[in-house]
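*Asks:* Sequence:
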Amino acid sequence: FDRLRYVEIKHGRIAQLAFLGQITTRAGYHLPGDIDSAGDAFASFPNGFAAIGGPDSIPGAGTGQILAFIGLLELFVMKDSANGAEPGEFVGDFRNGAIDFGWDSFDEDTKLTKRAVELNQGRAAMMGILGLMVHEQLGGSVPIVGEL
1 FDRLRYVEIK HGRIAQLAFL GQITTRAGYH LPGDIDSAGD AFASFPNGFA AIGGPDSIPG
61 AGTGQILAFI GLLELFVMKD SANGAEPGEF VGDFRNGAID FGWDSFDEDT KLTKRAVELN
121 QGRAAMMGIL GLMVHEQLGG SVPIVGEL
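Residue numbers (our numbering): 1 to 148.
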């Protein structure tokens, strides 16, 4: 069960970042500056699936760098006790003894409540990003987010 909960928490966190990324880029917010030395701005690339697979997508070397960075995070940073790190306080505890943000100052009931909230928000984000991806592939307009 611990392995399944670990994977659910991790996927929930990734889905929260993905959903937030979809909403912010579709609202017109992009990183400032250029993505490469050729002078291509972050805003010059399309949103969603088109950014990695369309005619105006990010070049293959850029996609490779993103995947390599994710791989490094997986291997060396985002570790829990199942993957060789010091045992954490709970499944999905990726603090690795470095980051606290006041977690140790909470009582046990507050910790359980916050973990349950994170789990539920992750589940909602997984459904949300799935819905956005399906709507993007179907075409048409998505309420609030706008034309895809």
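Treat the hints with caution; some may be incorrect.
[Said to hold, decoys possible] Quick list of the computed label-pair ranges, beta carbon to beta carbon: (1) I23 to D56: 35 to 45 Å; (2) L112 to Q137: 23 to 33 Å; (3) L17 to G102: 14 to 24 Å; (4) A116 to D36: 13 to 23 Å; (5) E74 to A51: 36 to 46 Å; (6) A68 to H135: 26 to 36 Å; (7) D36 to V117: 36 to 46 Å; (8) D2 to A41: 12 to 22 Å.
Because the hints were derived from the structure by calculation, they are not lab data.
The beta-carbon is built from N, C-alpha and C at its ideal position, and this holds for glycine as well.
*Asks:* Please go over all the hints and tell whether each is borne out by the structure.
*Replies:* Right, here's what the structure says about each hint:
As the Cβ distance of I23 to D56 is approximately 21 Å, the hint placing it in 35 to 45 Å is violated. Hint check: L112 to Q137, Cβ distance near 38 Å, so the stated range 23 to 33 Å is violated. A C-beta distance of roughly 22 Å is found between L17 and G102, which places it inside the suggested range of 14 to 24 Å. For the pair A116 and D36, the beta carbons lie near 43 Å from each other, so the given range of 13 to 23 Å is not met.
One distance hint, 36 to 46 Å for the beta-carbon pair E74 and A51, is violated here, with the actual separation near 21 Å. The beta-carbon spacing between A68 and H135, approximately 30 Å, falls within the hinted interval of 26 to 36 Å. The hint said 36 to 46 Å for the Cβ distance between D36 and V117, and at roughly 39 Å that hint holds. Checked against the hint of 12 to 22 Å, the C-beta distance between D2 and A41 comes to roughly 44 Å, which is inconsistent with it.
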